[in-house]
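Trainee: Okay, here's what each chain looks like letter by letter:
Protein chains: 2
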Amino acid sequence: MRQSKLFTKTRREAPRDELAKNAQLLIRAGYVHKEMAGVYSYLPLGRRVIENIESIVKKEMDALGGQEIRMATLHPSEPWKQTGGWDAVDVLFKIDSRTEKEYALGQSEEEIVTPIAAEYVPSYKDLPIALYQIGQKYRDELRAKSGIMRGREFGMKDMYSFHTTQEDFEKFYEIVKQAYLRIYAQCGLTAKVTEASGGSFSQKISYEFMVLTDAGEDTILYCEDCDYCINSEVAETLTEGVACPNCTKRGVDSKLKRGIASEVGNVFDLGDRYPRSLGFTYKNEQGAEQYPVMGCYGLGTTRLMGVIVEALADDKGIVWPSAVAPFAVHLVNALPNDPEAVSYAENLYKLLSAKNIQTLYDDRDVRAGEKFADSDLLGIPQRVVIGKETFSENTLELVSRATGEITRLTQEALLQFLQ
Amino acid sequence: MRQSKLFTKTRREAPRDELAKNAQLLIRAGYVHKEMAGVYSYLPLGRRVIENIESIVKKEMDALGGQEIRMATLHPSEPWKQTGGWDAVDVLFKIDSRTEKEYALGQSEEEIVTPIAAEYVPSYKDLPIALYQIGQKYRDELRAKSGIMRGREFGMKDMYSFHTTQEDFEKFYEIVKQAYLRIYAQCGLTAKVTEASGGSFSQKISYEFMVLTDAGEDTILYCEDCDYCINSEVAETLTEGVACPNCTKRGVDSKLKRGIASEVGNVFDLGDRYPRSLGFTYKNEQGAEQYPVMGCYGLGTTRLMGVIVEALADDKGIVWPSAVAPFAVHLVNALPNDPEAVSYAENLYKLLSAKNIQTLYDDRDVRAGEKFADSDLLGIPQRVVIGKETFSENTLELVSRATGEITRLTQEALLQFLQ
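Keeping their order, the protein sequence lines are chains U and D.
If you count the first sequence from 1, you need to add 905 to reach my numbering.
If you count the second sequence from 1, you need to add 905 to reach my numbering.
Be a bit skeptical, because a hint or two may be false.
All copies of an identical chain are treated as equivalent in the list; a pair is satisfied when it fits inside any one copy or across any two copies.
As the list claims (entries may be wrong) - No farther apart than 30 Å at their CA atoms in a straight line, the calculated lysine-lysine pairs in the DSSO-like style are these: (1) Lys1030 to Lys1006; (2) Lys964 to Lys1293; (3) Lys999 to Lys1260; (4) Lys1160 to Lys964; (5) Lys986 to Lys1006; (6) Lys939 to Lys1255; (7) Lys926 to Lys1221; (8) Lys1260 to Lys963; (9) Lys999 to Lys1050.
By construction, these hints were calculated from the structure, which means they are not laboratory data.
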């Protein structure tokens, strides 16, 4: 895409009331527009990033057998009243209508997915199943802070699975866990898995996926020698510096570290709570009616985008990992007033487009310094610069946004490298 | 996909309170699940259809230079109060929150897109621009009927354009009109364009895209010799049988016909109403502040899915045009108890998948009659049947869902035909 045609422009300043680094950078770079605290619109660049994240998530969920659906977000009140969520879930938005109906806005979809599953799962032969969707969620937060990391409206992948036994759920959880860890890795993040206390809608232990970042809202204790990790809220007697319980067992001497972390996913072991309150039974092998065991697997897509910014940005701007970047290459013509450079740049842009390399082409008539500052702010992984050396030495400058590493290479070598 | 793994199953009956043909068929075939009047969830097959429709729309909007964004659906009340929509739009859902904030749910997004455009369009040099999104909309309808054609929650593509002059808007409208007509054609529909009175939020003339179907809610007068078409609401002295005003002018003798039609898109000439009430000006060539001319282009994606069903279904079930069908081919093994047939079917399924031909493979152990009835109901364009002749004559049966035409051909010829 030509940057001159891109509808957004970078800004020097973020809104004054925006304290979170992720939203400051995303607003300044034109990825998002703040509508109010906790509610953002995603502009062309931001929409591209979110779609990339969704596509990574979708692939992993499809691969483990999840069937994608799209559930309503405007919910009837009845199932929420049946489960008790209508009164118990404090972040549930409730809507009065012109008719006598009351509605809720989806903040999670157990109340909708359970009756759907009930309709199509008459028998143990239909189990296990896993249904997922990617869409908007709504939470009536008292305070929305942390930019796009905690919103009143946000994007989320939520999956729900149903099983005949607890063992089958746990087996499936392990598969989902590996898929989640692959998703975070593709997003340039290393996640740790904790056991944490369930939220208001579960008494059971749940699993949280945590990324170390100062912008986090949780404190975790973790071991660097094994994958032991626990949320400090449920750590009881454990504190920083004590021996890792896991390593102690296997005779290794290792101490726990304390870290600030951000939750990027969670899994709830819901047992038969929702099937029971919403009347979902299936016939087991003996022909008797039985409640399935249910799991819920959340992954906030817009939140993940915020965490990536927090964890990877530097003092010059955003740093996108290549799998989620809005473009693979930022082609910058540093000599916009030189007709030879313009013609060279136009031709290179055509070559890159023909090879299907997603390119943002800075064809604007502004000075080079401004282009480089914008490029650093935008965070596209590879910058290709057309400058004086392109003509004196027949080379282009390739700059890695993450490392700052500069390589000089010919156009041929560049095209080969980017392919 | 293997039908035995598909989470949904067909049903003999739709819910009793469901009177619309589109929803009856879509529910019976397992495409959608009714949550309440006017609110549906889209199950795996339905999600595929909606994604195909979205993809057609997206391609056409991108091609005319639209920039895709994702706006918030949870709206602050302030811009709605500024434009007067807070009190004037009767279908606007309003939400009280735990904080003192009031919110609205997006039923159209002029109140959100205008401030966004204002921020990035300081100058006439930045115009024209067209921003669009594909997402959920909400309307507090008194009566939700017509199945997925008129919902309290529904999918929509909404685009907004901003121009320096009325002429520029009209030129752009003509481009959008052609794109819309191509979209409907790909969906197997022929749309007519009417001039209609604007709704509550516009005093100006708007354009409606209409498809003739008995399920429609509008009456139109149209000419079969030219593209003249008018909504009977604004037709004034015109009735069925009178001479077409257009044809009369060019000396052709043609009479207007009356038809029941369904609106599948609309365009509003909004003038400077929203820029004026939300304070969006740009600097014109003379450096003076000026309000842009604004257009709004709606296309209901879930509504379009409903209209396709209404317009094309027959007494056996749904008939999808190939561009929106959930699968291109329904591979039906009519001999599920014959090991030779099973092995033949498995192999053919592999061949089709390897060629990237989207195939639903009915591998279930049910009788052939049930499979064929399900196949008719599901409406996949091409059915390939493995039966006795596959072995005695070395041929497969290829059945067109739309025409019922049966062709017998070898596996080789089939693969060539489907490619």
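Trainee: Any hints from earlier that this structure breaks? Give me their numbers in increasing order, please.
Mentor: Of the numbered hints given earlier, those the structure breaks are 1, 2, 3, 4, 6, listed in rising order.
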